[in-house]
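Going line by line, the protein sequences match chains Z and E. Under the working numbering, residue 113 is the last one in the first sequence; the count climbs by one each step, no gaps. Under the working numbering, residue 116 is the last one in the second sequence; the count climbs by one each step, no gaps.
Do not take every clue at face value.
As the list claims (entries may be wrong) - Just the calculated beta-carbon pair ranges, DEER-fashion: (1) Z/Gln-2 with E/Pro-8: 45 to 51 Å; (2) Z/Ser-69 with E/Lys-78: 42 to 48 Å; (3) Z/Arg-61 with E/Lys-78: 40 to 46 Å.
No lab work stands behind these hints, which were simulated from the structure alone. All C-beta atoms in this analysis are idealised placements derived from N, C-alpha and C, irrespective of residue type, glycine included.
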Amino acid sequence: DQQVKQNSPSLSVQEGRISILNCDYTNSMFDYFLWYKKYPAEGPTFLISISSIKDKNEDGRFTVFLNKSAKHLSLHIVPSQPGDSAVYFCAAIRGSTLGRLYFGRGTQLTVWP
Amino acid sequence: EAGVAQSPRYKIIEKRQSVAFWCNPISGHATLYWYQQILGQGPKLLIQFQNNGVVDDSQLPKDRFSAERLKGVDSTLKIQPAKLEDSAVYLCASRRTAGARTYEQYFGPGTRLTVT
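Just chain Z, same shape as in the assembly (with noise of 0.2 Å):
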């Protein structure tokens, strides 16, 4: 049971130009969601989250969005840069457990000079 979908598997932008990642889930228990960030042979790395009761965060480049009633996040980098070439994972946790966390398969995106 994906809890946790992202339906687009490769996205190319060229540099400079926004990207938009998105991420859709069917669990409404879930608290908070996060985005990570892995580069080939390395482990994934926290790039940003959002917690359930909020619609936007941003940190720098990197602004997450959240429309609850569409179950629906999105990631949008502005602008791009060929170091963000990347597989991007989408995935959400329930704040009561601090538990697992479930992921998306993943967006490779590729930014192009």
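With chain Z held as given, fit chain E onto it using these hints.
Okay, now just chain E, sitting in the frame of chain Z:
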């Protein structure tokens, strides 16, 4: 602070052999996780420890997988006997239980296992 350490980084074994992976979490992190990431999928939890106790092992194939965290610090994950479908990256993660953003998990570099 030092990150999560894992070894080995790569391992190739034949099916029906056994293998063990080691993880040392970030100092002071009481919670430790083992995830399995199959190619093209997101990481999936195998087992969660709180100190040296198991919190969640509902997704662990207990007929062949075992894990321990005897002193509440480092942990070992074992597979015996391995099957072809066990080929994956095994990720260890840890998190703090006090302070800000306690929901954030820190991942090690992973061990890539190939079963032939």
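Satisfaction of the hinted span 40 to 46 Å by the C-beta atoms belonging to Z/Arg-61 and E/Lys-78 = For E/Lys-78 against Z/Arg-61, whose Cβ atoms are near 42 Å apart, the range 40 to 46 Å holds.
Between Z/Gln-2 and E/Pro-8, is the Cβ distance one that fits in 45 to 51 Å?
-> The hint (45 to 51 Å, Cβ to Cβ) is violated, given that Z/Gln-2 and E/Pro-8 are roughly 30 Å apart.
Z/Ser-69 paired with E/Lys-78, Cβ distance criterion 42 to 48 Å = holds (45 Å)
In summary, the structure is inconsistent with hint 1 from the numbered list given earlier, while agreeing with all the others.
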